[in-house]
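Trainee: One-letter residues, chain by chain:
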Amino acid sequence: MNEIGGAPLFFLEFGDIVIYFTPFTITLFLLALVFTVFVLVSRPERQIDIAFGGDAYYAKEISLSELRFRRFMSIACGLACMGAMVTGDVFDFTLFVSLVGICNVGIVAAVKSRHVQNAAYQYGLVALAGTVPLFAAAAMVAATTGTLSMLELAKDTIQVPLAARALLVLGVMGEGMAPFYAAKAEMFRAPGAPYVIMCSLSSLLIFLRVAEVILLL
Amino acid sequence: MIAELLFATFFGLLLLGIHRKVIARIQRRPGPPVWQEILHMLKFSFKTTWVPATASTTLFVGVVLVAIGIWTAALFVVLSGGSLLVIFAIYMLHKIVEHGFGLSSGSPYGKFGGVRSVISAASEIPLMVSVAAIAIFTKSLMISDIVAYQQSYGPLLFTVPLAAVAMYVVLLSKMPFGPFSIVESKELVSGYKTEHFGVWRAGLEICNGLKTYVLLLTFILVFAGGLPLWTILLLMLLITMSLSFVCALSPMLSPYDSVTIQTLIAGLMVLYVAILGVVS
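Order-wise, the sequence lines are chains A and B. First residue of the first sequence? That's 0 in numbering that gives the first Met the number 0, and the numbers climb one at a time after it. First residue of the second sequence? That's 0 in numbering that gives the first Met the number 0, and the numbers climb one at a time after it.
Fair warning: there could be bad hints in the mix.
[Unchecked claim] The calculated lysine to any residue pairs, modelled on SDA-like cross-linking and capped at a C-alpha distance of 25 Å, are: (1) Lys59(A) x Pro51(B); (2) Lys173(B) x Phe43(B); (3) Lys59(A) x Thr57(B); (4) Lys138(B) x Ala153(A); (5) Lys154(A) x Ala147(B).
Since the hints were derived computationally from the structure, they do not count as laboratory data. Bear in mind that the values here come from a model prediction, so they are computed numbers and not experimental data.
Please take these sequences and the hints and turn them into a complete structure.
Mentor: Here's what the structure looks like:
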């Protein structure tokens, strides 16, 4: 079961921290990279909205300062995602995932709408709470096995406690906005694609990666 | 690979045309010709193409290329016997493509289609459960290993029938005019693809053809094993027609009901795999 994401194609070693590319991780990495490039080069959409009390409609504009901040947070989110996709270290993975959570809050909270900010605040609280099981999982793995390297943990000789795996999944559920926070439609109805797309993209990517990590451990 | 890609696109579009025809005949309508989806794709390729003034241009165009790219990659992975986890990833990432289509134009119809796509993410969980159930028996997620396992032990359809049902539900949730097709509901005009016209829509049609072919091929390889090509194509046709019957005879659910039912199915499947894991 060590090659669940396909045969490893490339290893990049930084001391005992190893970044590795398999067909699975490279697919996720490339997707994160492509959408980060979209964020870098594209202008945001102008959301069409109706004017209540008549049949008129108007296009919402995004101010330059808001655009700059949201673009910065989206790029940071993309970079964190790319890191989470290819890292071979459990602690690094949890760090990148928590960074994704912070960036997601930033992307949405910059929108000057009371409803959107309320939704971002509530999601922020969940993301904050999600870091506890996330880092607890990494601590538990280190304490019980003596290593945080996924390649080492994938060996049959090392047994990772079920509780550590469950906590890791719980932490990712807290940090990821989609699908569990997708019901908060205010998040995704906020104007300004492609920035908002980074929220759902990053959430799905970290879910996919944690599925691989759990099967690997 | 180019030949396989072209064949997969056209055969997938033909299956979608047959899907429409079967639904129409069940509902006592003449329906369009079976090659209607192929004609759609060709027609859109030569129609006037534009980008809405309110759109995020790069995303509006780029997401079409991403859609074709990810399903081309999926076809390559299936044909080369690669990891089932990659197919699962691409299936999930298709949600982002739908979200990107919907959000990039600035249109409220597209946006609601995109939002509905994200909230129906519970439909992915049965696929993950199918993957987990298969892994318990085959000890590998490589499609080539899964096919080899079935040559020795018989089709997985009989070993893990509920996992096959879960994946069938996944196929159903991606078929047009089905009970879970809330992203293209008529109150949203065409949902996430409302504003994509001309060559962009042709790209989306290519993506739909490829997606249909890849998902059906994966279902057959994973649950019936390696079969001759003509048998695989025949099975694809039969599965499509069975899906058409379900789509024709069941109403489109409201977004809330759709998500609730998908979540219930997902919960049952998680329980099934937990029991499988304990028993094995």
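Trainee: Could you run down the list of hints and mark each one as holding or not?
Mentor: Now the hints, each set against the structure:
{"no.": "1", "hint": "Lys59(A) x Pro51(B)", "verdict": "holds, 15 Å"}
{"no.": "2", "hint": "Lys173(B) x Phe43(B)", "verdict": "holds, 22 Å"}
{"no.": "3", "hint": "Lys59(A) x Thr57(B)", "verdict": "holds, 19 Å"}
{"no.": "4", "hint": "Lys138(B) x Ala153(A)", "verdict": "holds, 14 Å"}
{"no.": "5", "hint": "Lys154(A) x Ala147(B)", "verdict": "holds, 24 Å"}
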